[in-house]
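Peer 1: All chains, please: the whole structure from these sequences, using the hints.
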Amino acid sequence: MSAARDAVFANIRGALRRGALPDRAQAELRARVAAHRRNPIPARATALDDAARVDLFVQMAEEVQATVARLPSPTAVPDAVARYLASENLPAELVMAPDPSLDAIPWAVTPLLRIRRGRAQAADMVSLTPCVAAVAETGTLMLASGQDTPTTLNFLPDTHIVVVHADQVVAAYEDGWDRLRDASAAGEGAAGLPRTVNFITGPSRTGDIEQRIVLGAHGPRRLHILVVENREGGTDDRGGG
Amino acid sequence: MQATSRDFTANARAGLADDNLQQALEIMTRRGFPARRREVVERLPEFEALREVGREIKEHTLAHLDFYLELYEENVVAAGGEVHWARTPAEACEAVLKICRAANATTVTKGKSMVAEEIGLNDFLEKNGITPVETDLGEYIIQLRHEPPSHLIAPAMHLVKEQVADTFRGAHRALDPDRPLVEPRELCDEARALLRPKFLAAEVGVTGANFLIAESGSSVIVTNEGNGDLTQTLPRVHIVVASLEKVVPTFEDAAALLRLLARSATGQEFSSYTTVSTGPRRPGDLDGPEACHVVLVDNGRSQMLGGEFHDMLRCIRCGACMNHCPVFAAVGGHAYGWVYPGPMGAVLTPSLIGIEEAAALPNASTLCGRCESVCPVKIPLPKMLRHWREREFAKRLTPARWRLGLAAWGWVARRPALYHALSGLASRALGWLGGRRGHFRSLPLAGGWTGVRDMPAPEGRTFHSLWADRAKTGGRS
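Quick mapping for you: the protein sequence lines, in order, are chains A and B. 1 is the number of the first residue of the first sequence in our numbering; add one for each residue after it. 242 is the number of the first residue of the second sequence in our numbering; add one for each residue after it.
Derived from the structure by calculation, the hints contain no laboratory data. All values derive from a computational prediction rather than experimental measurement. Note that CB positions come from ideal geometry on N, CA and C, so glycine has one too. Take the hints with a grain of salt, since some may be wrong.
[To be verified] Which residues of chain A face chain B? A few of them, derived with a C-beta cut under 10 angstroms, are: (1) A4; (2) R5; (3) I213.
[Stated by the list, open to error] Ranges between beta-carbon positions, derived for each pair: (4) B:G370 / A:P106: 53 to 59 angstroms; (5) B:A434 / A:Q65: 17 to 23 angstroms; (6) A:Q65 / B:E427: 17 to 23 angstroms.
[What the hints assert, rightly or not] Computed list of chain B residues with no C-beta within reach of chain A, every gap over 12 angstroms: (7) D248; (8) F249; (9) L257; (10) I371; (11) H387; (12) R410; (13) L593; (14) R630; (15) G646; (16) G672; (17) V693; (18) A698; (19) H705.
Peer 2: If you want it as structure tokens, here you go:
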């Protein structure tokens, strides 16, 4: 390929005092990669049962200024969204990921809530998205781009609302990544991975001026999480994302 | 950028005399990063073990760097991206420019990237008629002020809010001159409002990478503001500029290092946004860039492999070493005179721009060891600073007076009887002269010390003679 590439590899191998790795050594390294061997994961979240893990997720998310509402079932989502927008003095209007898991929510019960489906535009104030997983360890949401889940929804609007099903709450980042690997058909290499995977922990912030934390630097000022305890009641059982 | 590392002493004096800088440094060291880091580290019992894991992951990758870079490249291409190799800053800048030209770009938004600072990308693009817009709040501020960053992760940490307000009033002429602009909230909102249209208008977005993942050809960026995400999602073309040593084998390896990064850097459990992106948008995606390029920069890294400064290639750019450095806390980041300040800069800068240019930096340390004790990947920074000092001595870069003094001391120190006799004599003489007051306001040949502080007078015998007595009495003194 390029002269620069050749020179870089020649330098690296010169410094390591060897040529290109022999096939057997390469095969061993490929096996190490394919094994997805886990490094030690903090016990904080792994030692918990399902209910405690959801509690930890909520506690950690609230610590980083996300707000959380816990709902019994998907049928409670429309009213919870409408009440949240009213409480924040926001118009009853949002742009929603065109995702089947969100479409299955009975939105008709809140006819005053205006919903557009699609990617975010500059003027959108509020977005609503599903997630792939929620990581209890640090209260982190994991969202992936796809035909039904455009990434702009996660960053352009001032307010981002995310629907999390309790069975999506996992202990560690690695658990969330495994769900993504399982969901992508091909598995190995780049094939099957979404273009963008966002790990989101609280709303946007900056400490760049005198180390004082200000929320809403460039991304959302507010992150509101709806944790839905049960799948029954108005939705199918897709994981979303 | 033009390095002023040669002028460290003058830079440091200027820093010590700058009241705003001193106030900003006080804010950082007293109620900023170090305290927050301590809190989150205490909350994670596994933190110490993870430091060793982080060290091992980086060492494994460096030992097989050629393999992992090839695997990374293979997977970038499989995802529909393109990799460009650059030996030098010039080659890297050219590669970025070529991509921008092909995209007919006039405006390029940028996420914070230290390697982009290292290769001087902004100046190069501007010279070639393309406007780079820094979007990280700190980077935006220093771009308006035409200053280099003074800290790895908080590039404008040398400023107080009044200076930022003055900068904004000077730059944002179209806004009402009487608007209130005092609190960080107001300053942040103003930058947000002004930068939003730039995000939407840019044809190309440039980000750095905290990690590159070989197994999938992904790049990982870690931010708090979300600027990096707008930068890499809205424009038609996304360019990742990253140095070679950012590659790690798998997502699992990146995850272990991510657990160390935010805690060591800002003292957060996790940064607001950790983003893994792989190639351009997929067919059917509603947004995301249509093309994705990676510019891989060597600029001396491959020469550091396996040598005395090999360990420096483990660095994940968290800034913990400078947050805990007494010298950095006194003089600030600009004193170091180039892109990378603090202890990691004092080791890395001579490797990248030459020890002749940066000879002062390895000496700008008390070797107290705090940097090494907080480094998330256990880089032996003090040891490497000593290696540079040895090289300077061997290359005769140290000033003649130091060399003479060291040579004289070395001659005496190699003759124990003479050394003990002279040090005993000096100790008794100084003890007697210092007598009642117990310290000296000035001493011949020691003006460098007594110019800014008193020299305590010895209180009696030397350490060696006390030790000899202790040995005789079987350990009881």
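Peer 1: So, for every hint listed, does it hold in this structure?
Peer 2: Okay, the hints, checked on the actual structure:
1. A4: Holds, about 4 angstroms.
2. R5: Since the shortest Cβ distance to chain B is 4 angstroms, the answer is holds.
3. I213: Where the cut-off is 10 angstroms and the nearest Cβ of chain B is about 9 angstroms from A:I213, the hint holds.
4. B:G370 / A:P106: 53 to 59 angstroms: 55 angstroms, holds
5. B:A434 / A:Q65: 17 to 23 angstroms: 21 angstroms, holds
6. A:Q65 / B:E427: 17 to 23 angstroms: 19 angstroms Cβ-Cβ, so the 17 to 23 angstroms window holds.
7. D248: Given that every Cβ of chain A is farther than 12 angstroms from that of B:D248, nearest at about 27 angstroms, it holds.
8. F249: Holds, since 25 angstroms exceeds 12 angstroms.
9. L257: 20 angstroms, holds
10. I371: The claim stands: B:I371 keeps its Cβ more than 12 angstroms from every Cβ of chain A (closest is about 22 angstroms).
11. H387: 17 angstroms, holds
12. R410: B:R410 clear of chain A: closest Cβ-Cβ about 15 angstroms, beyond 12 angstroms.
13. L593: The assertion about B:L593 holds, with a minimum of 15 angstroms to chain A.
14. R630: 23 angstroms, holds
15. G646: With a cut-off of 12 angstroms, B:G646 remains clear of chain A, as the shortest Cβ separation is near 36 angstroms.
16. G672: Since the minimum Cβ distance to chain A is about 46 angstroms, B:G672 lies beyond 12 angstroms and the statement holds.
17. V693: Label holds. Min Cβ-Cβ 28 angstroms, cutoff 12 angstroms.
18. A698: 41 angstroms, holds
19. H705: 44 angstroms, holds
The structure shown violates none of the earlier numbered hints.
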